[in-house]
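In case you want the letters, here they are:
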Amino acid sequence: QSVLTQPPSVSAAPGQKVTISCSGSSSNIGNNYVSWYLQLPGTAPKLLIYDNNKRPSGIPDRFSGAKSGTSATLGITGLQTGDEADYYCGTWDSSLSADFNWVFGGGTKLTVL
Amino acid sequence: QVQLVESGGGVVQPGRSLRLSCVASGFTFRSFGMHWVRQAPGKGLEWVTVISFDGNNNYYADSVKGRFTISRDNSKNTLYLQMNSLRAEDTAVYYCARGSGGSCYSRWFDPWGQGTLVTVSS
Numbered sequence: 122q123s124v125l126t127q128p129p130s131v132s133a134a135p136g137q138k139v140t141i142s143c144s145g146s147s148s149n150i151g152n153n154y155v156s157w158y159l160q161l162p163g164t165a166p167k168l169l170i171y172d173n174n175k176r177p178s179g180i181p182d183r184f185s186g187a188k189s190g191t192s193a194t195l196g197i198t199g200l201q202t203g204d205e206a207d208y209y210c211g212t213w214d215s216s217l218s219a220d221f222n223w224v225f226g227g228g229t230k231l232t233v234l
Numbered sequence: 431q432v433q434l435v436e437s438g439g440g441v442v443q444p445g446r447s448l449r450l451s452c453v454a455s456g457f458t459f460r461s462f463g464m465h466w467v468r469q470a471p472g473k474g475l476e477w478v479t480v481i482s483f484d485g486n487n488n489y490y491a492d493s494v495k496g497r498f499t500i501s502r503d504n505s506k507n508t509l510y511l512q513m514n515s516l517r518a519e520d521t522a523v524y525y526c527a528r529g530s531g532g533s534c535y536s537r538w539f540d541p542w543g544q545g546t547l548v549t550v551s552s
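As given, the protein sequences belong to chains A and B, one line each in that order.
Under our numbering, the residue at position 73 of the first sequence is numbered 194, and the numbers go up by one with no gaps.
Under our numbering, the residue at position 110 of the second sequence is numbered 540, and the numbers go up by one with no gaps.
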């Protein structure tokens with residue numbers, strides 16, 4: 122059971138838009154920056170979005186991030202078959218019961234139909 | 431280019447030990463906090479541990495606290511993970527990743543290494 126909640130799967134047709142949600146609490150998303158990671162099959166995760174809504178160099182503007190309260194959202198427009206992958210959100214969790222703890226969502230598998 | 435390369439994975443019996451290494455290149459290793467993140471087969475990502483840029487601070491996930499030790503040798507641009515008292519549930523691909531700054535607190539992880547597989551089985 123992940124601290125951050127993501128839908129297990131989403132799907133959409135090529136060229137369409139999809140959003141992936143990431144729900145948390147005030148001890149994590151509500152008071153910390155969110156980042157998103159893309160993991161293509163059989164490869165290491167790759168940074169996709171950082172500081173809630175910023176894109177590293179080389180990441181196309183088809184990918185966007187947003188945060189509101191204790192939830193974050195990843196948006197992907199102009200879907201391509203190459204976008205089929207697992208997507209993870211992550212952030213620090215600063216709850217009183219933990220020393221220092223980074224948490225990830227359970228991951229969302231994107232299928233481009 | 432900025433690169434992280436892990437090594438040291440393999441098959442180990444429950445209760446035994448293993449040490450992973452992560453060699454960094456293409457950036458000033460001694461300036462960044464470093465993390466280990468693992469992924470069990472078919473599962474999601476789990477943060478394991480972090481060490482500050484100078485090695486003076488570190489933190490662990492509850493699942494590995496007291497069994498795993500993170501360390502670094504800045505003269506060799508190398509990060510380590512000493513894993514003792516291994517359990518079947520420690521079976522995973524272990525990734526090293528660079529933090530966003532020098533402290534243990536990190537706003538993101540980038541880049542990630544290619545990972546090294548640890549299998550704990552009798």
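There may be inaccurate statements among the hints.
[Said to hold, decoys possible] Within a straight-line C-alpha distance of at most 25 Å, the following computed DSS-like cross-link-like pairs (lysine-lysine) qualify:
id	chain 1	residue 1	chain 2	residue 2
1	A	230	A	175
2	A	167	B	473
3	A	230	B	473
4	B	473	B	495
5	A	138	A	230
6	A	138	A	167
FYI, nobody ran anything at the bench for these hints, they're computed from the structure.
Now for the hints, and whether the structure bears them out:
Annotation: proposed proximity of residue 230 of chain A to residue 175 of chain A holds, straight-line Cα distance about 22 Å (limit 25 Å). Between residue 167 of chain A and residue 473 of chain B the alpha-carbon distance is near 17 Å, which keeps this suggested pair within the 25 Å criterion. Restraint check: the Cα-Cα separation between residue 230 of chain A and residue 473 of chain B comes to about 12 Å, which is no more than 25 Å; the hinted pair holds. About 21 Å separates the Cα atoms of residue 473 of chain B and residue 495 of chain B, which keeps this hinted pair within 25 Å; it holds.
About 15 Å separates the Cα atoms of residue 138 of chain A and residue 230 of chain A, which keeps this hinted pair within 25 Å; it holds. Between residue 138 of chain A and residue 167 of chain A the alpha-carbon distance is near 21 Å, which keeps this suggested pair within the 25 Å criterion.
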